[in-house]
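Participant: Protein sequences, first through last, are from chains A and B. Start counting the first sequence at 1; every next residue gets the next number (our numbering). Start counting the second sequence at 1; every next residue gets the next number (our numbering).
Among the hints, erroneous ones may be present.
In silico negatives: residues of chain B with every beta carbon more than 12 angstroms from chain A [as the list claims (entries may be wrong)]:
1. 15
2. 16
3. 18
4. 47
5. 87
6. 166
7. 192
8. 216
9. 292
10. 296
11. 349
12. 353
13. 387
14. 404
15. 416
16. 417
Pulled from the structure, derived: some chain A residues nowhere near chain B, Cβ distances all over 12 angstroms [as the list claims (entries may be wrong)]:
17. 12
18. 32
19. 34
20. 49
21. 52
22. 59
23. 77
24. 107
25. 128
26. 194
27. 196
28. 222
Now the stretches of chain A that chain B is said to cover, found in silico as 3 or more residues with beta-carbon under 8 angstroms [what the hints assert, rightly or not]:
29. 96-102
30. 109-123
By construction, these hints were calculated from the structure, which means they are not laboratory data. Every residue, glycine too, gets a C-beta built ideally from N, C-alpha and C.
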Amino acid sequence: MPSALVELNGLRYAWPGQPPCLSIDHLRLEAGEAVFLHGPSGAGKSTLLALIAGVNVAGRGQVRVLDTDLAELGPAARDRFRVDHIGIVFQQFNLLPYLTVLDNVLLPCRFSALRRTRALAEAGSPSAAAERLLTELDLAPGLWHRRADTLSVGQQQRVALARALIGRPELILADEPTSALDAGRQTAFLELLTRECAASGAGLVFVSHDLRLAGRFARVEELTRLNRAGAEAQA
Amino acid sequence: MRGLAALLALAVRSAWNRRLTLGLTLTALTLSVTLLLALERLRLDTRASFVQAVSGTDLIVGARASPIELTLYAVFRLGRPTQEIGWAAAQALARHPAVAWTLPLALGDSHRGFPVLGTPAEYFARFHYGDRRALAFAAGRPYQGPFEAVLGAEVARRLGYAVGARITLSHGGGEFAPEHADKPFTVVGVLAPTGTPVDRTVHVSLESIEAIHLDWQGGAPIPGLRIPPELTRKFDLTPKTVTAVLVGLKSRAQVFAMQRWVQAYRDEPLMAVLPGVALDELWALMAVGERALLSASALVAAVSLVGLVAVILAGLNERRRELAILRALGAGPRRVLLLLVMEGAGLTLAACALGLALSRLLALAAGPWLAAHYGIQVQIAWPHMGEWLWLTAVCAVGTLASLIPAWRAYRLSLADGLTPHV
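So that you can see chain A by itself, here it is in the shape it has in the complex (with noise of 0.2 angstroms):
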C-alpha cells in the first residue's frame, strides 16, 4: 500500500477539561487527494485540523501526516514540520497587516529552509515564486506592494491562498476559507483553490459547514458520522 498523506487511526481529543469532543476510527487522505469534510458547527472540525496541523496533540490514537507520527516529534520538531509540509488558510485574518502583500506570501519562505529551497528551485527566487502564485490568483502586480490590510476581504484570500501554496508543501488546510465572501466570490475562490492544488500536487482538506460547496469534491465525508465522540458521550 502506498504510503498515505494523511491517516487518522483511533484518535481522540478532548480540550483540557472538557468532555471527548473528537473520536475518530480511521480515515486516510491519499497523496494530492482533495476532500470536503462537512460538519455544522460544534462538530469538531477546528480541532480536528488543529490536530493534522500538530498544533495540539490527540490524547489517544494516531495522528500519522506524510508517514511521521505527530506525537513522536517533540513540540520544536512538530512546529517546524507544520511550516515544512502544511499551508493552512483560515476563514478570514489570514495576513499580517503591517506586512506588504509580497512579503505576507514569502513568510513561509523565511520560516522554512525547505520550502525556500523549492521555491527557488521552481522559480529561480521565493519571489518570483511568489509573483508567478499572485499573478496566477489574479492579483495585479500594483496590488503586490500595497499593505495587506488595504486589500478587499476576497483578494486577501487569495494571497491567503498564494502564502499556503507557496513552496509546494504536501497538503492545504482550510479552514471555512469562503465564509467571509459573498455567494459569488465562494464559487470563483472554491475554484481556485481546487486548481491550485491539483496543479501544485498538494492534498486538501476544505472543511465547511456549507454542503452547497462540496459539489467540486470528489470525496465528501461527513464529520457527523466520522466522529463518535457524541453517540460515545450517550452511550
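Use these hints to put chain B onto chain A, whose structure you have.
Facilitator: Using the frame of chain A, we list chain B on its own:
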C-alpha cells in the same frame, strides 16, 4: 535559528505597526529613566561638590566642641563658634615641625547676610577645593592693606559689586546686626566661582578684623570712643583670638600624630578634625532628603513599567490572530512567549539607552547653569556605578514584568491553537 531571526524581524515590524501606543509608553519610560539618572547624577555631583568643599587641608583645628560644629563654621561658615582659640595656640601650631603651613580663620562678622572671613592674604594661594583646585581671581587682586576686601563670586553677583565698590561690615550675623559703619572697606578683588562656600564669603585680612573691633567691646561700640580708620595703624593689630586654623602638614602620614598633639595641647582645650571624615559625616546627616527624592523617582520608573505591561497586555487580544498566523508558520507557544518578552525587554532597553542619552544632554544643557548658581560641577561622563545599578534594575524589572503579558500570550496561543476564539 533561521526561524528565530525571521520571528525577530516580524516582531520589529509588528511593534512598528503599533508605534503610536508603544511610542507613548516608550516616552513615559524614557522620561522616568532620565529623571532617575539625572537625580542620581545630581546626587553624586552634589555630594562631590560638598565633600570637596575643602581639599589639601590635613586638619582643621578649633576650640574643643563637636567636630561637626567645627566643620560647619570653619568650612561652611554656618553657625556661630562658641569658643575661640588664642593667638598663642595658633602660633604654636604654625611653629610645629610637622606643619607646612597654617591659615588662621576669624569668623563672626557679616555683610548683608554673607559671612566675613578674616584670614591672611596667603589664603588665596594656599586654600584648595575640589580636586586640588586653587582659587582664582575673576577680577582684581588679593588684599594688601587694611580695609580691603576680596569677594566670593556669589557675593559679587548677588549684590552687584565690582572692584572699587565700598562696603561696610556688620558685627555678627543677621539682618539687624550693628554696623561697623565708620570703617568702610574697598573691594579690591573678586574670586572666580568655585561651587564651594568660598563663593558666599567676604574675605578681609586678620588685621582688618582686629581694626574694626578696636573701639568695640562685648558686641557693641564703646560709648564715647571713636577711633577713625587712619588711626588704627597706630595700634597693635595682631589678633588676640582666631576661630579656627586650617593646617597643612609636611607629610600626610603625620596626620594622626598631629591630631594627638593638638588634643593634648596643654594651654587650652583644642580639637583637630580631618576634613574628609567630618564632611562625610555631615553629608550622611543630610542624605535623608536626597534619598526620599530618589525613591520618588524609582516609584515613577515603576509606574511607567506598569504602564508598559498594561499596554502590551491590552494589545494582546487584538494580536491573537497575529499569533495564530505565527503558529501556522511554525512558531511554537514558547516562541510566542519569547516574542513578547523580547518586545518588553527591547522597549525597556531602548528606554534605558534613550534615558541615558537624554540625561547626558540635560547635563550638557544645565551644567553651566548649575555650576554658576549652585556651584555643582555636573560630570558628563561614562555612567557611574550608581547609575549602572539603576539602569540594570530598570532593565531587569522591565524584562521580568514583560513575562506577564508573555505568559498570557503563551496561554492564549495554547488555548486558541489555529483558531482564535475572538
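Participant: All the hints need checking, so say for each whether the structure fits it.
Facilitator: These are the hints, each one checked on the structure:
For residue 15 (chain B), the requirement that its beta carbon stay farther than 12 angstroms from each beta carbon of chain A is not met, with the minimum near 9 angstroms. Chain A draws residue 16 (chain B) into its interface by the beta-carbon criterion, the shortest separation being 7 angstroms against a cut-off of 12 angstroms. The Cβ of residue 18 (chain B) does not lie farther than 12 angstroms from every Cβ of chain A; its closest approach is about 9 angstroms, which violates its non-interface assignment. Chain A leaves residue 47 (chain B) outside its interface by the beta-carbon criterion, the shortest separation being 49 angstroms against a cut-off of 12 angstroms.
No beta-carbon of chain A comes within 12 angstroms of the beta-carbon of residue 87 (chain B); the shortest separation is about 84 angstroms. Non-interface call for residue 166 (chain B) relative to chain A: holds, since the shortest CB-CB distance, roughly 75 angstroms, exceeds 12 angstroms. Taking the minimum C-beta to C-beta distance to chain A, about 58 angstroms, the non-interface status of residue 192 (chain B) holds against the 12 angstroms cut. Taking the minimum C-beta to C-beta distance to chain A, about 84 angstroms, the non-interface status of residue 216 (chain B) holds against the 12 angstroms cut.
For residue 292 (chain B), the requirement that its beta carbon stay farther than 12 angstroms from each beta carbon of chain A is met, with the minimum near 45 angstroms. Non-interface status of residue 296 (chain B) relative to chain A is upheld: no Cβ of that chain comes within 12 angstroms, the nearest being about 39 angstroms off. The Cβ of residue 349 (chain B) lies farther than 12 angstroms from every Cβ of chain A, with a closest approach of about 22 angstroms, so its non-interface assignment holds. At roughly 24 angstroms, the least C-beta separation between residue 353 (chain B) and chain A is larger than 12 angstroms, which holds for a residue marked as non-interface.
Every C-beta of chain A lies more than 12 angstroms from that of residue 387 (chain B), the closest at about 36 angstroms, which supports listing it as non-interface. Residue-level check passed: residue 404 (chain B) sits 22 angstroms from the nearest beta carbon of chain A, beyond 12 angstroms. Consistency note on residue 416 (chain B): stated as away from chain A, yet its beta-carbon is not over 12 angstroms from all of that chain's, at 9 angstroms minimum. At roughly 4 angstroms, the least C-beta separation between residue 417 (chain B) and chain A is not larger than 12 angstroms, which violates its mark as non-interface.
The beta carbon of residue 12 (chain A) is kept farther than 12 angstroms from every beta carbon of chain B, the shortest such distance being approximately 17 angstroms. For residue 32 (chain A), the requirement that its beta carbon stay farther than 12 angstroms from each beta carbon of chain B is met, with the minimum near 21 angstroms. Remark: the non-interface label on residue 34 (chain A) is consistent with the geometry, its nearest Cβ contact in chain B lying 20 angstroms away (cut-off 12 angstroms). Listed as outside the interface, residue 49 (chain A) is inconsistent with that label: its C-beta sits roughly 6 angstroms from the nearest C-beta of chain B, within the 12 angstroms cut-off.
Not every C-beta of chain B lies more than 12 angstroms from that of residue 52 (chain A), the closest at about 10 angstroms, which undercuts listing it as non-interface. No Cβ of chain B comes within 12 angstroms of the Cβ of residue 59 (chain A); the nearest lies about 14 angstroms off, and the non-interface call holds. The non-interface label for residue 77 (chain A) is inconsistent with chain B: the shortest C-beta to C-beta separation is roughly 10 angstroms, within 12 angstroms. Once the 12 angstroms rule is applied to beta carbons, residue 107 (chain A) is inconsistent with being away from chain B; the minimum gap is 6 angstroms.
No Cβ of chain B approaches the Cβ of residue 128 (chain A) within 12 angstroms, the least distance being about 19 angstroms, so the stated non-interface status holds. For residue 194 (chain A), the shortest C-beta to C-beta distance to chain B comes to about 21 angstroms, beyond the 12 angstroms cut-off, and the non-interface label holds. Here residue 196 (chain A) stays apart from chain B, with its beta-carbon at least about 18 angstroms from theirs, past the 12 angstroms limit. No Cβ of chain B approaches the Cβ of residue 222 (chain A) within 12 angstroms, the least distance being about 21 angstroms, so the stated non-interface status holds.
For the segment 96-102 of chain A, the stated coverage by chain B is satisfied: 4 residues place a CB nearer than 8 angstroms to a CB of that chain, which reaches the threshold of 3. Under the rule that three or more residues need a Cβ within less than 8 angstroms of chain B, the assignment of the segment 109-123 of chain A holds, with 4 such residues.
Checked against the numbered hints given earlier, this structure breaks hints 1, 2, 3, 15, 16, 20, 21, 23 and 24; the rest are met.
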